[in-house]
Amino acid sequence: MSDEHDEHHAHIETPAPFLFCVATAIMFIGLVMATSGGENKTGDAGYWFVFILGLMGIFTSFFMWIQDYWDQEGEEDAHIETHHEFWATISTRKFGMWIFLLTEVMVFSTLLSAYLRYRASMPDYSPDIDCGLYFEDCWVPAADVIRSHLIFGVINTFALLLSSLTVVLALYAAKNNNPKAVTRYLTVTFVLGALFLALKLWEWNEMRHYNFWDESHNGCDVLAGQNIADHCIAPKYANGFWLNTSLEGSTFYITTGMHGAHVFIGLIALGYLIAKSNKDGYNEENHETIELFGLYWHYVDLVWVFVFPFFYLY
Amino acid sequence: MLRSKAIGIGILLSIIFAVTAVPTGETNPGGIEPSISTLVEANGCSCHNVGDGDMNNPNSEVILNLTMPSNFTAGETYTLILNISGGPNDIAPMVEGPNMGGFMLKASSGVLTPINDNVWKPADASYLTHTEDGNNLREWSFNWTAPDSDSIVTSFMVYGNSVNGNAKDPTDNAGNSGDYWNSATFALAGKNAQIAEGGAHGELSGPKKVVYGFGIVFITLAVVVVGYRMVDQDESFEEVMKSYWKWIYPWLTTTDHKYIGTLYIVTGFAWFFIGGVLGLLIRWQLFEPRVDGDFLTYQEYNSTFTMHGTTMIFMAAMPIIFGFANYLIPLQIGARDLAFPRLNSFGYWLLPTGGIVLYMGYFTGGAGDVGWTGYAPYSSGASATRPGTDFWVAGQLMLGASSTLTAVNFLVTMLRMRAPGVTLMKMPLFAWSILVTVFLLLLSIPVFTVALILLMADRTFGSLYFSGPDSDPILWQHLFWYFGHPEVYIVILPAFGVLSEIISTFSRRPIFGYTSMVYAMATIGIISFVVYGHHMFTTGADPLFRFIVMLTTMLVAVPTGIKIFNWLATMTGGSVVLNTPMMFSLGTIITFTIGGITGIILASIPLDIAFHDTYFVVAHFHYVLIGGTMFSFIAGVYYWFPKMTGKMMNERLGIIHFATTFITFNAAFYPMHNVGISGMPRRYATYDASLTELNQFISIFAILFGLAQLIFVYNVFYSYRNGEKAGDNPWNGWSLEWATSSPPPENSFIEIPTLLDAEEEAKKSE
Ligand code: HEM
Ligand SMILES: [Cu+2]
Chain A
1 MSDEHDEHHA HIETPAPFLF CVATAIMFIG LVMATSGGEN KTGDAGYWFV
51 FILGLMGIFT SFFMWIQDYW DQEGEEDAHI ETHHEFWATI STRKFGMWIF
101 LLTEVMVFST LLSAYLRYRA SMPDYSPDID CGLYFEDCWV PAADVIRSHL
151 IFGVINTFAL LLSSLTVVLA LYAAKNNNPK AVTRYLTVTF VLGALFLALK
201 LWEWNEMRHY NFWDESHNGC DVLAGQNIAD HCIAPKYANG FWLNTSLEGS
251 TFYITTGMHG AHVFIGLIAL GYLIAKSNKD GYNEENHETI ELFGLYWHYV
301 DLVWVFVFPF FYLY
Chain B
315 MLRSKAIGIG ILLSIIFAVT AVPTGETNPG GIEPSISTLV EANGCSCHNV
365 GDGDMNNPNS EVILNLTMPS NFTAGETYTL ILNISGGPND IAPMVEGPNM
415 GGFMLKASSG VLTPINDNVW KPADASYLTH TEDGNNLREW SFNWTAPDSD
465 SIVTSFMVYG NSVNGNAKDP TDNAGNSGDY WNSATFALAG KNAQIAEGGA
515 HGELSGPKKV VYGFGIVFIT LAVVVVGYRM VDQDESFEEV MKSYWKWIYP
565 WLTTTDHKYI GTLYIVTGFA WFFIGGVLGL LIRWQLFEPR VDGDFLTYQE
615 YNSTFTMHGT TMIFMAAMPI IFGFANYLIP LQIGARDLAF PRLNSFGYWL
665 LPTGGIVLYM GYFTGGAGDV GWTGYAPYSS GASATRPGTD FWVAGQLMLG
715 ASSTLTAVNF LVTMLRMRAP GVTLMKMPLF AWSILVTVFL LLLSIPVFTV
765 ALILLMADRT FGSLYFSGPD SDPILWQHLF WYFGHPEVYI VILPAFGVLS
815 EIISTFSRRP IFGYTSMVYA MATIGIISFV VYGHHMFTTG ADPLFRFIVM
865 LTTMLVAVPT GIKIFNWLAT MTGGSVVLNT PMMFSLGTII TFTIGGITGI
915 ILASIPLDIA FHDTYFVVAH FHYVLIGGTM FSFIAGVYYW FPKMTGKMMN
965 ERLGIIHFAT TFITFNAAFY PMHNVGISGM PRRYATYDAS LTELNQFISI
1015 FAILFGLAQL IFVYNVFYSY RNGEKAGDNP WNGWSLEWAT SSPPPENSFI
1065 EIPTLLDAEE EAKKSE
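Here the protein sequences line up with chains A and B, keeping their order. To convert, note that position 21 of the first sequence is 21 in the working numbering; the numbers rise steadily by one, no gaps. Counting from 1 along the second sequence, just add 314 to a position and that's the residue number in the working numbering.
By construction, these hints were calculated from the structure, which means they are not laboratory data. Any given hint could be a false lead.
Unchecked claim - Here are some, though not all, of the chain A residues that point toward chain B, as calculated from beta-carbon distances under 8 angstroms: (1) 79; (2) 80; (3) 96; (4) 102.
Said to hold, decoys possible - The following label-pair restraints were derived from C-beta to C-beta distances: (5) B/1003 - A/46: 46 to 54 angstroms; (6) B/1014 - A/63: 50 to 58 angstroms; (7) A/46 - B/1036: 47 to 55 angstroms; (8) B/527 - A/120: 51 to 59 angstroms; (9) A/286 - B/696: 51 to 59 angstroms; (10) A/286 - B/734: 26 to 34 angstroms; (11) B/854 - A/244: 22 to 30 angstroms; (12) A/195 - B/843: 34 to 42 angstroms; (13) A/137 - B/853: 22 to 30 angstroms; (14) A/137 - B/923: 46 to 54 angstroms; (15) A/279 - B/557: 39 to 47 angstroms; (16) B/1036 - A/279: 33 to 41 angstroms; (17) A/181 - B/553: 19 to 27 angstroms; (18) A/195 - B/553: 56 to 64 angstroms.
Predicted, not measured: the structure shown is a model, and the values here were computed from it. From the three backbone atoms N, C-alpha and C, an ideal C-beta is built for every residue, glycine too.
Only chain A is shown next, with the shape it has when bound in the complex (with noise of 0.2 angstroms):
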C-alpha cells in the first residue's frame, strides 16, 4: 500500500456509528419509561412509542453501517500490514473476534456461575427428601418441567450443531470459488438458526402456560412426599412457571434468553452475508467474513453445549 494512497483516504468518515447511540439512548429511554416511569412507577404505556423509534432508528444506522460494506468487495476496512512476526500469522479481524469471543466467554461463564450458585444451595428435588409443602425448599429443576416435551430441546440441538456444518460447508465453497453453493448453505445456516429460534419461543410459551402437562393435569398434582412422575406438576409451579414465578424459572429464561439473543443477531449478520453473497459472491481471494461469523457461530453453539445439559437434561 503506497503512501500517496494513504494521503487521499486517510480516515474514515461516517455517521453510523454516532447515530446508532442516540438511537439506543433513544431506545433505552423509552424502554425505561415505558415500564417504570409514569405517575405509579409501572410504566408509562406511550413511551412504547419512543423505543419503537429508538429501535428504527438503530436498524437504520445498522443499514447505514454496512452501506459501507455493501459496496466495497469484501468487508475490510484496510489491509493492515503486521511488522512482527509471530502476530502477523492471524489476520487482524480474526484477531479481534478472538477476543471478542474471550469477552462473551466471560458473558455465559457468570450467567452460568450465578446459576450453579442458586442451584448448589438447595438440594435437588427427591422424593425421599422433605421439601416441604410446595417442595419450596427443593430445587425442581427446567429439566423436569421439559422431561416429556424433551424431543424439542434435542431437535435443537441437531438443528444448531448441524448449521454449525453448515457454515463450514459455506466456507469451503467460498474458497472452492463456488459462489452459488455459498449463498446455499449459508441459506439452510439461516434456516436452521431460525427453525431453532422459533422452536425456543413455542417451547417457552408452553412451559410459561404450563401447556405441556394439560392433558394429564387433573388428579397429578402432587403433594408432599410423592414422586414426581413423568407427567406431573411441582405444586410450586401449578400456576405455571416463569420469569417471576420461581429462582428455576429466572435462571432458565435468563440463560437461555441472553443464549438466543445471541443466534437472533447471529441471524441479522446471516442476513446480510446471504445478501452479500447473493449479490457478489464469496470467492477464493474474499471469505474472511464467513469465516469470522462461523467462528461466532460456532461459539453461540458451544454455549448451547454447555446449557442444553445444564437446563434441560439435569
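Got chain A; can you put chain B with the ligands on it based on the hints?
Then chain B with the ligands, alone, in the frame of chain A:
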C-alpha cells in the same frame, strides 16, 4: 535555577502549613453513639441482654402506641405519650408495680426532653429511655420540640420491652426469661410537609434547579452568540447554522484516533466538572449535621452521591484514560490509527449518549440512588428510585458496552500494528499500562454488564436473581466486586504509565528498571482478580476466604512498591527538571502513596471491620483516585498539550494550579481519615454533631479545591489561543509520539517510523 528552587521551597512550606492547619481528629471517648437499633438488636433489650432466645427477636404480641398531634408547627414544643400493651405483663395484670416495662425512643429531627423522673436522656445521647422509676410503668410522657422547619416529616423510632416483673436484678439470667420486646416507627408530618412523592407539584427540588439552571444558561448563551453573529456580522440565520454545521459535522463522523481522543478527553473533563459540582453538593449537605430536607432531602442526597461516584469513575476517569490512549497509543507504537476505526467512534459515542440516559432520572423524579456499587437487594427492591435507578442501569449498560468494544480494539491494535522495531518490550510504559488495562477490562466489564442485565430483568420483568425469597443478597456483591476491584486498577494503571513517561523525561534519563516496571504492572493486573473479597469482609464471608483475600491484597503492595521505588531511583540518578507536569507527578507519588498505605490498613480484616463504610474508606479512595489518577492525568495534560495543540501551556498558571490543588486537596481529604476513625459513616446525609467542626473544614477546602480547578480550565483556553509555539519535541522526550509534528499530521505519521536500537542508530548516522 534559583527560581525553581524558590518555588520548590515555597511548595514545601505550604505543604507543611497545610498539614499543620488540619485540625486533628480524635476518637469519640466512649465511641460514637450507636444508633438505638444496634443497641437493641445487638444486646437484646439493653438491660435484658442475657435473656433467653425470646429476647433476640421482636415479638408482635407487644403493641406500642405513641400519642401525638396530627401535625406540628416549627419550633413548637409538644408533650407526647408512649404506652405499651400486650406481652407477658398481661398474663398477671398489674396496674402499677415493679419492673413492668421499658423503652427507648429516638426522633429523626427536633429535640427530646424528659419532663419527669420516669424518663431520662443519657449524657451525649439523643435518645430517651426509662429510668429506674420508669421501669415500673407501661406509659411515659415527655416533651418534643419540633425542628425549625415544618416542611419535613419526623419519624420516631421506638423500642418497647414488656417485662414480666420477675427480675429484680438485671444480671439475673433466669429473671429475664419471658420478657418480650418489639419496635415501631411513627411518622409525624410538619404542617407544610408535602407527603406526596418528590413534591411533584411544589417547588423544584435542589438538583433539578441545578439542571434547569444549566439549561437556561446554555440556551441564553446560544441565543446571545447566534444573535451576535446575526446582528453584528450581518449573517443570516441559515449562514450561521451552516457554519456551525460545517464545524460540527466532522466531529460527528470522524474515526480519526486523534479527533476521537480529543473528544474523549474533552467529554471526560466535562463530566468531571459535573461530577465535581455534585461532589460539592454532597459536601454542602455535610457542612453541618442537617435534618431531612434542610438542603437536600435524604433521598436527593442518595441520588447525589450515586451520580457523583458513577460519573467520576465511568464518565470522567475512564474516558480521560481512553482519550489519552486513543490519541497517544497509535503515535507511540507507530501506527496510523486503531485497528477498527468505526468501532472506536462507536465506543466514544456510547459515552455521551449513555451518560444522558444515566442522568435522565433527574428529569423523572429522582436519579438513581443506589450508590455507584448498586448493591442488591436495595437496587432490585421497591425502595430504590423509579425510574431513576432503571435509567442508571440502562446507562451503565451502554457505558459497559463502550469500554468492552474499545478494549478489544486497543488490544488488537497494540499487538498487531506496532511499527518495525517496536517490540513489546520496547513499547513506552504508557503503552504497556494500557495493554494491561485492556486485559483487565476484557475480563471484568462483561461480568458487570451481565450483572446489570440481571438487575434490569429483576427490576423490569420480575425475575428473582437478587430479589426473591431464596435469592442470595451477596451474589450481586460477588459479581460487582469481581469487576469492581479490577476496575480500580483499570483507572490507576494508566496513571502509572503517565507518571513513568513524565518522570523519565524530566529526569533526563530512561526509566530505571523498565523490565521490572512491566512485570510489576502485569502482576498487579493478575493479582487484582483474586483480591476483590476485601470489599466484602463484613458480609459474613467464609473466614478462610477472607484470610486469603487479606494476604493477596497486601501482596499488591509489593509490585506497587517496586514501581514507586523505580520512580525514585530514576530521579536519583537524573538531573531533575521541575516544571508543572513534573510537579504534578511528584505530588501524585506522595498522595498516591498515602492512599496505598490506607489501602493496606483497610486490607487488614480487624481494622476493616471498624473502618468499613466509614469516611476512612472515602479518604482512601479519594487519595488513590484524585491523588493518583486525576493528578497524573492532569500532569498528562500539561505534558502532552503541546503535542496535541502545538502550543505550550502557561507555566506560571500551571505552578499556581499545582500549589493550590495540592494544598486544598490534602486539606480537604486528609481530615476525612479522622472523621472516619471517629466513626462517621459514609453515604449518610447527616452526622453526629461533635464532628461538625472537622466537617466544616473539609467542606470549605473541598470548595476551594473545586475553585482551584478553574485556574486549569482558564489555562487550557488561554494557552490554546496565546500559548508559545511548541515545536515537535519541546521536552526532548524519547517515545515515538515526539517523532511526529505537533499537532500530528492527518495520517499521524508521514512515513511509518522504524524504531532502531542504539547500535543501529549509531550505524545509521555513520
Ligand atoms: C495497595 C493498594 C490498595 C489496597 C491494599 C486497597 C484496599 C482497599 C480495601 C480493603 C477497600 C475496602 C474498604 C471497605 O469498603 O471497607 C478499598 C476500597 C476502595 N478502594 Fe482500594 N486499595 C488499594 C488501592 C486502590 C486504588 C489504586 C484504587 C483506585 C484507583 C482504589 C479504589 C478504591 C475504591 C473506589 C474503594 C471503595 C469502594 C466502595 O466501597 O465504593 N484502591 N480498597
Ligand atoms: Cu478493591
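Here's how the hints hold up against the structure:
1. 79: violated (12 angstroms)
2. 80: holds (6 angstroms)
3. 96: Holds. Min distance 5 angstroms.
4. 102: holds (6 angstroms)
5. B/1003 - A/46: 46 to 54 angstroms: Given about 48 angstroms between the Cβ atoms, the range holds.
6. B/1014 - A/63: 50 to 58 angstroms: Holds - the Cβ-Cβ distance for residue 1014 of chain B and residue 63 of chain A, about 56 angstroms, lies within 50 to 58 angstroms.
7. A/46 - B/1036: 47 to 55 angstroms: holds (52 angstroms)
8. B/527 - A/120: 51 to 59 angstroms: holds (53 angstroms)
9. A/286 - B/696: 51 to 59 angstroms: holds (56 angstroms)
10. A/286 - B/734: 26 to 34 angstroms: For residue 286 of chain A and residue 734 of chain B the Cβ distance comes to about 28 angstroms; the hint holds.
11. B/854 - A/244: 22 to 30 angstroms: For residue 244 of chain A against residue 854 of chain B, whose Cβ atoms are near 28 angstroms apart, the range 22 to 30 angstroms holds.
12. A/195 - B/843: 34 to 42 angstroms: holds (40 angstroms)
13. A/137 - B/853: 22 to 30 angstroms: Check passed, 24 angstroms falls within 22 to 30 angstroms.
14. A/137 - B/923: 46 to 54 angstroms: violated (33 angstroms)
15. A/279 - B/557: 39 to 47 angstroms: At roughly 40 angstroms between Cβ atoms, residue 557 of chain B and residue 279 of chain A fall inside 39 to 47 angstroms, so the hint holds.
16. B/1036 - A/279: 33 to 41 angstroms: Because 56 angstroms falls outside the window, the suggested range is violated.
17. A/181 - B/553: 19 to 27 angstroms: About 58 angstroms separates the Cβ atoms of residue 181 of chain A and residue 553 of chain B, which means 19 to 27 angstroms is violated.
18. A/195 - B/553: 56 to 64 angstroms: Because 58 angstroms falls inside the window, the suggested range holds.
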